[in-house]
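Below are the chains, spelled out letter by letter.
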Amino acid sequence: MADTQILIEPKQKVYFDLTTSPHLHSQWSTAKVMWFVNLALVPCVASALIFFGIQQILIMLVAVLFAVGTEAAIQAIRKKKVTLFDGSAALTGLLLSLTLPPNFSLSATAIGSIVAIGLGKQIFGGIGYNIFNPALVGRAFLQAAFPVQITTWTKPNYAVDSITSATPLAAFKFDKLLTETYSLAIGNVGGSLGETSAIAVLIGGIFLIAVGIVNWRIPISMIIGMFVFGGALWIINPQQHPSPVFQIFAGSFLFGAMFMATDWVTSPITGKGMWIFGLGISLVLILIRTFGGLPEGVMYSILFMNSFVPIINRYTRPRIFGEQKEVKK
Amino acid sequence: MSSKTFRGGVHPKKYKELAEHIAFEYFPAPDEIILPLSQHLGKEAKPLIKKGDEVILGQLVAQADGFISAPIHSSVNGKVLSIGKEVTPLGFPKDSIVIKASENSVDKRFTFPPLDPETITPDEIRQRVAEAGIVGQGGAAFPTYVKLSPPEDKVIDVVIINGCECEPYLTRDYRLMIERPDDLISGLKLIMKTLGVKRGVIGIEDNKPEAIKILSHKVEYEEGIEVVSLKTKYPQGAEKMLIKAVTGKEVPPGKLPMDVGAVIQNIGTAIAIHDAVVKGEPLTRAALTVSGLGIRQPKNLYVPVGTPIQNIIEFCGGVTEDAVKIIVGGPMMGIAQYNLQAPVMKATSGILVLTKKEVTESEETPCLRCGQCVDACPLNLMPTKLARYTQLKRYEDAEGIGITVCMECGTCAFTCPANIPLVQWIRLGKQKVLQMQKERAEK
Ligand code: SF4
Ligand code: SF4
Numbered sequence: 001m002a003d004t005q006i007l008i009e010p011k012q013k014v015y016f017d018l019t020t021s022p023h024l025h026s027q028w029s030t031a032k033v034m035w036f037v038n039l040a041l042v043p044c045v046a047s048a049l050i051f052f053g054i055q056q057i058l059i060m061l062v063a064v065l066f067a068v069g070t071e072a073a074i075q076a077i078r079k080k081k082v083t084l085f086d087g088s089a090a091l092t093g094l095l096l097s098l099t100l101p102p103n104f105s106l107s108a109t110a111i112g113s114i115v116a117i118g119l120g121k122q123i124f125g126g127i128g129y130n131i132f133n134p135a136l137v138g139r140a141f142l143q144a145a146f147p148v149q150i151t152t153w154t155k156p157n158y159a160v161d162s163i164t165s166a167t168p169l170a171a172f173k174f175d176k177l178l179t180e181t182y183s184l185a186i187g188n189v190g191g192s193l194g195e196t197s198a199i200a201v202l203i204g205g206i207f208l209i210a211v212g213i214v215n216w217r218i219p220i221s222m223i224i225g226m227f228v229f230g231g232a233l234w235i236i237n238p239q240q241h242p243s244p245v246f247q248i249f250a251g252s253f254l255f256g257a258m259f260m261a262t263d264w265v266t267s268p269i270t271g272k273g274m275w276i277f278g279l280g281i282s283l284v285l286i287l288i289r290t291f292g293g294l295p296e297g298v299m300y301s302i303l304f305m306n307s308f309v310p311i312i313n314r315y316t317r318p319r320i321f322g323e324q325k326e327v328k329k
Numbered sequence: 001m002s003s004k005t006f007r008g009g010v011h012p013k014k015y016k017e018l019a020e021h022i023a024f025e026y027f028p029a030p031d032e033i034i035l036p037l038s039q040h041l042g043k044e045a046k047p048l049i050k051k052g053d054e055v056i057l058g059q060l061v062a063q064a065d066g067f068i069s070a071p072i073h074s075s076v077n078g079k080v081l082s083i084g085k086e087v088t089p090l091g092f093p094k095d096s097i098v099i100k101a102s103e104n105s106v107d108k109r110f111t112f113p114p115l116d117p118e119t120i121t122p123d124e125i126r127q128r129v130a131e132a133g134i135v136g137q138g139g140a141a142f143p144t145y146v147k148l149s150p151p152e153d154k155v156i157d158v159v160i161i162n163g164c165e166c167e168p169y170l171t172r173d174y175r176l177m178i179e180r181p182d183d184l185i186s187g188l189k190l191i192m193k194t195l196g197v198k199r200g201v202i203g204i205e206d207n208k209p210e211a212i213k214i215l216s217h218k219v220e221y222e223e224g225i226e227v228v229s230l231k232t233k234y235p236q237g238a239e240k241m242l243i244k245a246v247t248g249k250e251v252p253p254g255k256l257p258m259d260v261g262a263v264i265q266n267i268g269t270a271i272a273i274h275d276a277v278v279k280g281e282p283l284t285r286a287a288l289t290v291s292g293l294g295i296r297q298p299k300n301l302y303v304p305v306g307t308p309i310q311n312i313i314e315f316c317g318g319v320t321e322d323a324v325k326i327i328v329g330g331p332m333m334g335i336a337q338y339n340l341q342a343p344v345m346k347a348t349s350g351i352l353v354l355t356k357k358e359v360t361e362s363e364e365t366p367c368l369r370c371g372q373c374v375d376a377c378p379l380n381l382m383p384t385k386l387a388r389y390t391q392l393k394r395y396e397d398a399e400g401i402g403i404t405v406c407m408e409c410g411t412c413a414f415t416c417p418a419n420i421p422l423v424q425w426i427r428l429g430k431q432k433v434l435q436m437q438k439e440r441a442e443k
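In the order they appear, the protein sequences are chains A and B.
For the first sequence, counting from 1, position 59 maps to 59 in the UniProt record's numbering; every step adds exactly one.
For the second sequence, counting from 1, position 281 maps to 281 in the UniProt record's numbering; every step adds exactly one.
Treat the hints with care, since some could be wrong.
Derived lysine-lysine pairs resembling DSSO-like cross-links, with alpha carbons at most 30 Å apart [claimed, not checked]:
# : chain 1 : residue 1 : chain 2 : residue 2
1 : B       : K16       : B       : K357
2 : B       : K14       : A       : K32
3 : A       : K80       : B       : K356
4 : B       : K231      : A       : K32
5 : B       : K193      : B       : K43
It is worth saying that the hints were derived from the structure and are not from the lab.
Quantities reported herein were computed from a predicted structural model and do not represent experimental measurements.
Make the full structure from the sequences, and use the hints.
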């Protein structure tokens with residue numbers, strides 16, 4: 001809007017900014033939010049470096065650089081504004097790298113980032129328009145393209161027991177070996193870079209909930225869902241099915257609940273919708289972990305529920321203030 | 001005492017400390033005043049004077065025209081300069097009376113005969129409120145006597161005084177509560193008497209403990225009157241939110257507070273009613289806050305209605321180097337000004353001068369579908385969808401999800417991290433839908 005310049009006595013110039021109300025704005029901007037989420041991943045990054053070695057920083061760097069580079073290249077080609085500094089591409093790269101196994105090849109990591117941004121985000125029109133979580137799209141691609149490498153696990157630095165390099169979920173699924181909750185909480189177990197330490201994930205996640213970026217409904221509904229669905233199976237047959245606590249602490253459940261399912265763009269916008277979304281993810285996840293061929297399934301269950309988000313949003317319109325229940329369509 | 005509230009809302013930075021400890025001061029009569037004929041919702045008043053007439057303070061210069069209209073009184077002694085289009089703080093010109101204040105104005109002024117609040121009848125109160133030109137002080141400036149004359153079939157059971165003042169910066173209601181608690185309670189009792197209501201509630205946000213303390217103490221022996229502490233949250237002072245917090249009832253879309261048995265009055269309105277009845281004063285003054293980091297000396301002022309904003313800013317020491325925006329009203333719903341000749345009106349609550357630091361806005365980005373606006377909307381609307389449908393000109397869809405219910409409080413736009421001007425879009429869409437509905441009704 002045009003600024004008008006008027007002289008106010010005594011001899012003072014003021015520019016009149018004529019934008020309309022509200023004249024105050026919350027402290028958040030898209031970029032600031034994205035950088036805060038990056039910041040919240042620092043404990044996970046630290047746990048990855050501690051348990052799998054300092055050299056893992058390379059995977060993260062490659063993933064971030066290729067994600068940011070791909071975003072810039074596509075925006076330049078399509079002659080759109082280059083939004084490198086909004087932190088969202090960097091976030092996608094970082095998230096992707098944290099879902100990969102330690103010592104994953106750097107060239108494959110680069111490909112994953114390119115796919116995540118290109119196919120997961122820019123093809124839909126860039127930030128805000130994608131349906132699927134871009135980092136998970138990248139990972140799903142790598143899972144298909146490098147099935148062996150992506151399920152080859154490294155023994156963590158401080159592993160104490162005989163469960164060598166298998167992930168706790170695989171150990172249970174194939175050998176019925178339970179990993180102690182203590183180890184799962186600390187994170188000195190096999191698994192993807194950023195997901196093994198429940199404590200690190202929770203520190204970041206709780207920080208995001210506290211500052212108001214992550215809506216608590218999604219992680220909480222996922223955890224409740226796990227207790228209900230996982231708990232039901234466990235009560236029926238505790239020999240065959242692990243306890244819901246194990247289900248929650250093992251694998252990428254918490255990482256998915258805090259950082260992946262809560263991705264703003266690809267999760268529902270209504271409170272009720274968030275509940276349906278979170279419960280849905282846990283249900284699908286339990287089905288995959290229990291009856292599917294894979295030990296893990298967080299990625300697929302989130303991607304699966306992502307595709308329902310538009311429908312969930314449509315059917316969970318909140319009751320307008322003062323509106324009678326019967327009138328609701 | 002636990003504080004009551006509603007669902008949703010936001011917590012903007014308050015900036016109340018700038019003016020909350022500064023007592024009210026009387027603004028000296030300016031050289032010239034501009035009195036828009038329409039300072040209220042409804043029909044504009046009809047002028048009773050012509051160019052060159054001498055008028056005195058308090059004299060009726062324009063009479064109400066129709067049911068929803070309010071008369072206007074001169075706020076100075078002086079001479080009528082002209083009657084014609086003048087700029088207003090609402091942004092567009094309106095017919096106004098311009099009065100030149102006389103140089104050495106003797107203390108002549110017009111007042112009504114004072115009435116005894118003990119023996120006065122409801123009809124006498126209504127009549128006095130109407131002839132004193134009182135309008136709601138909460139922004140919409142609805143003629144007050146209309147609110148005091150509900151249709152026969154509506155049962156009113158509670159009068160709520162709105163002491164929330166949830167807009168940042170504004171402190172006039174707070175100052176009035178602590179400086180004039182007795183007049184406020186007297187005004188409330190007059191309103192209760194007019195409506196035949198036994199229960200009166202003064203709802204105050206819990207960030208004003210001093211006001212809660214003083215008024216709680218004062219109403220201790222007043223039968224049927226209580227002070228209720230409310231959560232500090234924007235927009236706690238919106239009528240629907242206030243009623244929900246105080247009574248638990250929700251005003252349905254398209255309905256009025258009286259449909260759930262409540263009448264809401266502003267602090268300033270209640271005091272104006274007391275002044276009109278007990279002292280016989282017509283409404284010629286606005287109580288307002290001048291604040292913001294861009295004004296040199298923040299103040300709370302009683303200003304003659306019609307005083308140009310420019311004079312008030314000069315009276316408060318002028319603006320600072322980094323001032324960028326001047327607003328009439330609060331920062332959440334107020335209007336940015338481009339012409340400082342615009343006058344203070346009866347319901348003007350504040351003049352704010354904001355600096356770059358306060359209004360910093362980030363760039364607009366596409367919607368992130370974060371749902372923050374949905375979570376924050378106190379009326380449970382889906383602002384992102386309302387804005388989107390408007391952008392796509394899908395007005396029927398916008399109507400279907402309740403665009404006309406929006407009260408334009410700005411909560412959604414405040415909270416949006418993508419910095420999308422949600423209220424502007426919704427306002428536009430709402431106008432289109434209302435127009436559509438009108439055309440439909442005419443068919
Ligand atoms: S401006 Fe309208 S849509 Fe936005 S929060 Fe207020 S009532 Fe809701
Ligand atoms: S707050 Fe802004 S970015 Fe978030 S859903 Fe609403 S419109 Fe979109």
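Going down the list of hints, with the structure as the test:
no., hint, in the structure
1, B:K16 with B:K357, "holds (16 Å)"
2, B:K14 with A:K32, "holds (22 Å)"
3, A:K80 with B:K356, "holds (29 Å)"
4, B:K231 with A:K32, "holds (28 Å)"
5, B:K193 with B:K43, "holds (28 Å)"
In terms of the numbered hints stated before, the structure departs from none.
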